[in-house]
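Start from the sequences, fold in the hints, and give me the full structure.
Number of protein chains: 2
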Amino acid sequence: MEIYTGKMARKIIGEGNWEGPTPGLAQGYTQANLVVLPYKYAFDFLLFCQRNPRPCPILEVCERGKYTTTKVASNGDIRRDIPKYRIYEDGNLAREVTSIEDIWQDDFVSFLLGCSFTFESALLKEDIPIRHIEEERNVPMYITNIECAPAGIFSGTMVVSMRPIPRRLVEKAVEITSQFPKVHGAPIHIGNPEGIGIKDITLPDFGDMVTIKDDEVPVFWACGVTPQVAIMRAKPDLVITHAPGHMFITDVRDEELKKDV
Amino acid sequence: MEIYTGKMARKIIGEGNWEGPTPGLAQGYTQANLVVLPYKYAFDFLLFCQRNPRPCPILEVCERGKYTTTKVASNGDIRRDIPKYRIYEDGNLAREVTSIEDIWQDDFVSFLLGCSFTFESALLKEDIPIRHIEEERNVPMYITNIECAPAGIFSGTMVVSMRPIPRRLVEKAVEITSQFPKVHGAPIHIGNPEGIGIKDITLPDFGDMVTIKDDEVPVFWACGVTPQVAIMRAKPDLVITHAPGHMFITDVRDEELKKDV
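Protein chains in written order, with the UniProt record's numbering: chain G, 1 to 261; chain L, 1 to 261.
Be a bit skeptical, because a hint or two may be false.
Same chains, same names: a pair is fine if it fits in one copy or spans any two.
Only pairs whose alpha carbons sit at most 16 Å apart, straight line, appear in this in silico EDC-like list of lysine to aspartate or glutamate [as the list claims (entries may be wrong)]:
(1) Lys71 <-> Glu147
(2) Lys40 <-> Asp127
(3) Lys125 <-> Asp77
(4) Lys40 <-> Asp107
(5) Lys40 <-> Glu134
(6) Lys40 <-> Glu63
(7) Lys258 <-> Glu96
(8) Lys71 <-> Glu2
(9) Lys84 <-> Asp102
(10) Lys125 <-> Glu175
Hints are computed from structural coordinates only; laboratory data are not their basis.
Values in this document were obtained by computation on a predicted structure and should not be read as measured data.
If you want it as C-alpha cells, here you go:
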C-alpha cells in the first residue's frame with residue numbers, strides 16, 4: 001500500500017504497523033526531529049534553539065504534559081507517531097522503544113525541529129544530485145569548530161551535514177536552500193573542510209562517507225543533530241529523541257516551509 | 001551635550017543623569033522594550049514570543065539572574081540602563097522607579113524585544129511622514145481581534161500601532177518595513193479598521209490619536225505592547241517593564257536589523 005499523506009503515515013506508525021525509517025514515506029510531507037525533555041530543562045533548551053535557529057529551527061513546541069500536536073500536524077501524538085524513539089538517561093543511550101506512552105510524564109515538553117530532508121526534495125526537483133541518496137547511505141555529518149551560542153546548561157559546537165555538489169550547481173543549491181529558513185536554510189560553509197575544523201572529510205562523526213567526485217565541492221549545512229550533541233554534553237537525567245532516520249511526519253508540505261509556518 | 005552612541009546613552013542613564021523618554025537619544029541606535037520576569041514564568045513567556053514573532057521579536061534574552069547584556073549591547077546593565085521602570089504586582093502597576101538594582105532577584109530572566117522606533121527612522125529616511133512624530137504625540141495603539149497563539153499562562157489579542165500613510169506611499173512603506181523582521185516587519189493590516197476589530201479609530205487603547213488626512217490610509221503594524229497586555233492578563237505576581245517611551249538603547253544600528261542580529 002502506498003502511504004500518501006502525513007496523516008496516513010502517522011496513523012500506520014501510531015498503530016504500530018511501521019517500525020522502519022521514514023524517508024520515502026508520505027513523499028512531499030515534511031519530516032521533523034523530536035526532542036522531549038522534562039520541564040526543568042525546557043527553558044534552557046527553548047533558549048538554545050532561539051539563539052541557534054540555523055541548526056535548531058523550531059516547527060512546533062508542545063507545552064508541559066501535552067502530547068497532541070496542533071500546528072504542523074493535526075492531532076499528531078508525540079508518544080506514538082514515531083516508529084522508533086531513543087531514551088537517554090544521564091546522557092547515555094538507555095534503550096530504543098516504539099512508543100513512549102508508558103513512560104510519559106506530566107512534565108514533559110516536546111520540541112519538533114526542522115530537518116534537511118525537506119530541502120533535499122527541493123534540490124532533487126531542480127536536478128541537483130544528492131549523493132547519499134544515490135548511494136543509499138545516511139548523510140555524512142561532522143562536528144565543527146563553530147561555537148553555538150550557549151543557553152543555560154546547553155552548549156557545544158555546530159554539527160553540519162555535507163553534500164558534494166557539482167561546482168557549476170553550487171550557486172543554485174545555495175539559492176534553493178536559502179528559501180527554506182525553517183529547515184536550516186542556506187549552507188553554513190562551502191568547500192575547505194579545515195576552515196570549520198573538519199580534519200578528515202573521509203571520517204564523518206555521524207552517518208556515512210559518500211563519494212566526492214573531482215568536479216564537486218563539499219557543501220555544509222547546519223544540522224539538526226546539533227541540539228542532540230548539546231543535550232548529550234549537558235547530560236540531563238532524562239531525554240527522549242527520535243531514533244536517527246525515524247522521524248515525525250507532519251501535515252506540512254515541503255514547499256510550505258519556503259515561508260514561515 | 002549631544003549623546004552620540006548607545007553606549008554613551010546607557011552610561012548617562014545608568015549613572016542616573018537622564019530620567020526622561022529616550023526617543024531622540026543616540027539617533028540611529030535601536031531602542032528595545034524590556035520585560036523582566038521571575039524564572040517560573042520564563043518558559044511560557046519565551047514560548048509566547050517564539051509563537052508570536054511579529055508582535056514579540058526577541059533581540060536578546062538574559063538568562064536566570066544575569067543582568068549584563070552581551071548580544072545587542074556590550075556590557076549593558078538591565079538593572080540601571082533604562083531611565084524609568086514599571087513594577088507590576090499581580091497584574092497591577094505598583095510603582096515606577098529609575099533603577100531595579102535594589103529589588104533584583106537571582107531568578108529574574110530579562111527579555112529585550114524589538115521596537116518600531118527602528119523602522120520609523122527608515123521610513124523617515126525615505127520621506128514617508130510619521131504623523132505622531134510631526135504632531136509630537138505618542139503613536140496610537142489599538143487592541144485588535146487578532147488572536148495571538150497562546151503559550152502557558154500567556155494569551156490575548158494582538159495590539160497594533162497605526163500610522164496614517166499617504167495612499168501613493170503605502171506600497172513603499174510596506175516594502176521598507178518588511179525589511180525589518182526583527183522589529184515587527186511588514187504591516188499586519190492596511191485600511192478598514194473594523195476588519196481587525198477596531199470599532200473607533202479616533203479612540204486608541206494606548207497612546208494618542210493623530211490626524212488622518214483625506215488622502216491617507218491607516219496602516220497597522222504588530223506592536224510591542226502585545227506581550228505587555230498578555231502579561232497583564234496573566235497577572236504574574238511580579239513583572240518589571242520599561243515605562244512607555246523609556247527604552248533600553250542598544251549598540252545595534254537601526255540598519256543592522258535589516259538582517260538577523
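Now for the hints, and whether the structure bears them out:
Taking the closest pair of Cα atoms, Lys71 and Glu147 come within 16 Å of each other only across two copies (15 Å); inside a single copy the shortest separation is 31 Å, beyond that limit. Taking the shortest alpha-carbon separations for Lys40 and Asp127, neither the intra-copy value of 45 Å nor the inter-copy value of 50 Å comes in at or below 16 Å. Taking the closest pair of Cα atoms, Lys125 and Asp77 never come within 16 Å of each other, the shortest separation being 31 Å inside a single copy and 50 Å across copies. Both within a single protomer and between protomers do Lys40 and Asp107 lie at most 16 Å apart by alpha-carbon distance, with minima of 8 Å and 14 Å respectively.
With identical chains, the CA atoms of Lys40 and Glu134 are never at most 16 Å apart, being 42 Å at best within one copy and 49 Å at best between copies. For the homomeric pair Lys40 and Glu63, the shortest alpha-carbon distances inside one copy (12 Å) and between copies (14 Å) are both at most 16 Å. Taking CA atoms no more than 16 Å apart as the test, Lys258 paired with Glu96 passes in neither setting, with 33 Å inside one copy and 45 Å between copies. Within a single copy, Lys71 and Glu2 get their C-alpha atoms no closer than 25 Å, and across copies no closer than 49 Å, so neither meets the 16 Å cut-off.
Taking the shortest Cα distances, Lys84 and Asp102 sit within 16 Å of each other inside one copy (14 Å), while across copies they are farther apart (51 Å). Within a single copy, Lys125 and Glu175 get their C-alpha atoms as close as 13 Å, which meets the 16 Å cut-off; across copies the closest is 31 Å, which misses it.
Violated hints, listed in ascending order, are 2, 3, 5, 7, 8; each of the other numbered hints is respected by the structure.
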